[in-house]
Amino acid sequence: MRNDKITTMIGRPKPDEAAPYYFTYIDQVAGDNPFQVIQSQLEDCRQFLSTISEEKSLHRYAPDKWSIRQVLNHITDTERAFVFRALWFARGFTTPLPSYDQGISATGAQADTISWGAHVEEFQHVRLATISFFQNLPAEAWMRAGIASDNPFTVRSLAFIIPGHVIHHLRIVRERYLQVA
1 MRNDKITTMI GRPKPDEAAP YYFTYIDQVA GDNPFQVIQS QLEDCRQFLS
51 TISEEKSLHR YAPDKWSIRQ VLNHITDTER AFVFRALWFA RGFTTPLPSY
101 DQGISATGAQ ADTISWGAHV EEFQHVRLAT ISFFQNLPAE AWMRAGIASD
151 NPFTVRSLAF IIPGHVIHHL RIVRERYLQV A
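In terms of UniProt numbering, the sequence shown is residues 1 to 181.
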């Protein structure tokens, strides 16, 4: 376990570490250590997601919006994509990565055909893998950078984007799907 390496990765991403759009997610994360947020978010998500029934997980707040199952599937798939980007850059690969199209991913996943319980379990497994990846990351890898979707990213910025993306989407679930402030 390289927790000592994580403590050397203190500080928030600077504006040149990700495209401005991604600060929508980065700014959702409090403090200077995204790894702590990634870890604590797992239990918070478990508790929140357990309050949603199988039936309610199929709810859409408008006809053209995703169901809650599709939202959680999007969160999980997008976390995989962001962690892959972090892996690519952290390991020193320099080839730019292609775009990630959430619409193609959502269509291909067919999330409404998979039980809510399976989606929750899948998110937990992916998050545990995310924790393991960042926990074992060498200190010098946090500031490595690359290009994905024609945008610059550092590994550090991706570590903030991951939990910020979850915060963003679960807020939408609470406010628009469940109408819980």
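Some clues are possibly wrong.
Quick list of simulated restraints, FRET-style, between CB atoms [unchecked claim]:
1. D16 - A62: 14 to 22 Å
2. K14 - E121: 16 to 24 Å
3. I104 - Y21: 27 to 35 Å
4. P138 - D64: 15 to 23 Å
5. Q124 - E55: 17 to 25 Å
6. Q47 - T95: 18 to 26 Å
7. D112 - P138: 38 to 46 Å
In silico lysine to aspartate or glutamate, EDC-like type, Cα no more than 20 Å apart, as pairs [unchecked claim]:
8. K56 - E140
9. K56 - E175
10. K65 - D77
11. K65 - D44
12. K65 - D101
13. K56 - D112
14. K14 - D32
15. K56 - E121
16. K14 - E121
17. K65 - D27
18. K65 - E55
19. K65 - E175
20. K65 - E54
21. K14 - E140
Simulated from the structure, these hints should not be mistaken for laboratory data. Think of the CB as a built atom: it goes at the ideal place given N, C-alpha and C, for glycine as much as any other residue.
Hint check results:
no.: 1; hint: D16 - A62: 14 to 22 Å; verdict: violated (37 Å)
no.: 2; hint: K14 - E121: 16 to 24 Å; verdict: violated (37 Å)
no.: 3; hint: I104 - Y21: 27 to 35 Å; verdict: violated (19 Å)
no.: 4; hint: P138 - D64: 15 to 23 Å; verdict: violated (45 Å)
no.: 5; hint: Q124 - E55: 17 to 25 Å; verdict: holds (21 Å)
no.: 6; hint: Q47 - T95: 18 to 26 Å; verdict: violated (40 Å)
no.: 7; hint: D112 - P138: 38 to 46 Å; verdict: holds (40 Å)
no.: 8; hint: K56 - E140; verdict: violated (44 Å)
no.: 9; hint: K56 - E175; verdict: holds (14 Å)
no.: 10; hint: K65 - D77; verdict: holds (18 Å)
no.: 11; hint: K65 - D44; verdict: violated (25 Å)
no.: 12; hint: K65 - D101; verdict: holds (16 Å)
no.: 13; hint: K56 - D112; verdict: holds (12 Å)
no.: 14; hint: K14 - D32; verdict: holds (12 Å)
no.: 15; hint: K56 - E121; verdict: holds (17 Å)
no.: 16; hint: K14 - E121; verdict: violated (34 Å)
no.: 17; hint: K65 - D27; verdict: violated (25 Å)
no.: 18; hint: K65 - E55; verdict: holds (17 Å)
no.: 19; hint: K65 - E175; verdict: holds (14 Å)
no.: 20; hint: K65 - E54; verdict: holds (18 Å)
no.: 21; hint: K14 - E140; verdict: holds (17 Å)
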